[in-house]
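J.: Each chain is listed here by its residues.
Number of protein chains: 2
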Amino acid sequence: MRDDSKKIPVAVKRRLPRYLRALGDLKKKGVEKISSGSLSDYLGYTASQIRQDLNHFGGFGQQGYGYNVEALCKEIEAILGLDRTHSIIIVGVGHLGQAMANYVEGYEKSYELVGLFDIKPALIGTEVGGIKIRSGDELEGFLKENSVDIAALCVNVESAQTVADKLAEGGVKGILNFAVTDLDLPEGVKVENVHISEFLEILTFDISDR
Amino acid sequence: MRDDSKKIPVAVKRRLPRYLRALGDLKKKGVEKISSGSLSDYLGYTASQIRQDLNHFGGFGQQGYGYNVEALCKEIEAILGLDRTHSIIIVGVGHLGQAMANYVEGYEKSYELVGLFDIKPALIGTEVGGIKIRSGDELEGFLKENSVDIAALCVNVESAQTVADKLAEGGVKGILNFAVTDLDLPEGVKVENVHISEFLEILTFDISDR
Numbered sequence: 001m002r003d004d005s006k007k008i009p010v011a012v013k014r015r016l017p018r019y020l021r022a023l024g025d026l027k028k029k030g031v032e033k034i035s036s037g038s039l040s041d042y043l044g045y046t047a048s049q050i051r052q053d054l055n056h057f058g059g060f061g062q063q064g065y066g067y068n069v070e071a072l073c074k075e076i077e078a079i080l081g082l083d084r085t086h087s088i089i090i091v092g093v094g095h096l097g098q099a100m101a102n103y104v105e106g107y108e109k110s111y112e113l114v115g116l117f118d119i120k121p122a123l124i125g126t127e128v129g130g131i132k133i134r135s136g137d138e139l140e141g142f143l144k145e146n147s148v149d150i151a152a153l154c155v156n157v158e159s160a161q162t163v164a165d166k167l168a169e170g171g172v173k174g175i176l177n178f179a180v181t182d183l184d185l186p187e188g189v190k191v192e193n194v195h196i197s198e199f200l201e202i203l204t205f206d207i208s209d210r
Numbered sequence: 211m212r213d214d215s216k217k218i219p220v221a222v223k224r225r226l227p228r229y230l231r232a233l234g235d236l237k238k239k240g241v242e243k244i245s246s247g248s249l250s251d252y253l254g255y256t257a258s259q260i261r262q263d264l265n266h267f268g269g270f271g272q273q274g275y276g277y278n279v280e281a282l283c284k285e286i287e288a289i290l291g292l293d294r295t296h297s298i299i300i301v302g303v304g305h306l307g308q309a310m311a312n313y314v315e316g317y318e319k320s321y322e323l324v325g326l327f328d329i330k331p332a333l334i335g336t337e338v339g340g341i342k343i344r345s346g347d348e349l350e351g352f353l354k355e356n357s358v359d360i361a362a363l364c365v366n367v368e369s370a371q372t373v374a375d376k377l378a379e380g381g382v383k384g385i386l387n388f389a390v391t392d393l394d395l396p397e398g399v400k401v402e403n404v405h406i407s408e409f410l411e412i413l414t415f416d417i418s419d420r
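The listed protein sequences correspond, in order, to chains P and Y.
So the first sequence is numbered by my numbering: it starts at 1 and just counts up by one.
So the second sequence is numbered by my numbering: it starts at 211 and just counts up by one.
Just so you know, nobody snuck in bad clues.
Cβ-to-Cβ under 10 Å is the rule here; a few derived chain Y residues that face chain P:
hint, residue
1, Arg231
2, Gly291
3, Leu306
4, Val314
5, Cys364
6, Leu386
7, Asn403
Taking lysine to any residue and the SDA-like style, the derived pairs with C-alpha atoms no more than 20 Å apart in a straight line are:
hint, chain 1, residue 1, chain 2, residue 2
8, P, Lys28, Y, Asp392
9, P, Lys7, Y, Ile412
10, Y, Lys223, P, Thr181
11, Y, Lys243, Y, Lys284
12, Y, Lys238, P, Asp182
13, Y, Lys319, P, Asp209
Keep in mind the hints are simulated off the structure, nothing from the lab.
Glycine included, each C-beta is placed from N, C-alpha and C at the ideal position.
Just need the whole structure built from these sequences, with the hints factored in.
T.: Below is the structure:
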């Protein structure tokens, strides 16, 4: 338990995956230490913002030395919770759900895919990534018997709230919501929305002559 | 051409798709006018923020009347550029690319899917949504002969920059980038990143005990 890291501002939190990715790239290239200035060139954030951001979790940098890439990587992984394994299920195994399964498999240890659910008879019983797709009817029972940390919600807008209610009821801690609708959930359940069509609309704004 | 709408702040711009979605829902329910207060209950933004946001594009509200749902909907569609048709291609027609094709088809008029590209021999020549998948080798030639507004980049991280260079060279105005990497592009080309694994990591942060 680190009480201090609870105070990480939302904007900083949202930059953490990008820091981790940059540091991972540097590690692959054999870089052992890096100054905030070089990290700034790499990431496009200002050196001063980087120092401020990283000060939120331990202030790893040493004056005149810079950041130890490996140590900072591990620290950010730990802050994000990626140093532990989280159980994950995918509800809705259409194209998006299957893409999601691929993302999950890309992690070495952070996530364990424990269940797949769909309502399409043609899909039920088939396998994705070695996991059998179960009927949506089994979801509630599955959640009673298994502890699930995260659910990727890849169902249509019409079913999203009903499924989300079952997920919350079943003790799921966080929902990655791909359905373009705002879920109404108990306070303890975290939601991260990935509304792909909204990104497309924002891009359309950016390219449109007005 | 509306010079004033160019000044819409980034934060407001990013909220526009959500406004549009809420107004679309209200329209479907037969609601003709709505106050900023009711819109606030609906969206979770404060009434004062809503009034400020909507003032950026014409100030549709009338004191004591509220907003005309239909008119505001049309106005936001026009600002986002959704009242015109944008040509779109998808590069990489794996699960994500096919999911993307479904999103595009969900719009009545805003987007026209004009091309699909992949490098997998098994996919080339097959059809998705009535469009034949072409070989990635044909991309440059296709862009010379066709005007493409938007490309959804659904390839792997390793190929993303190379493909993005071709897209920029070929006159594509905007890239919806699903590859978890930062693209380096000429200034005129807009990019909207949809880094799904980063949303998963942020959710993991939110559910993790520290």
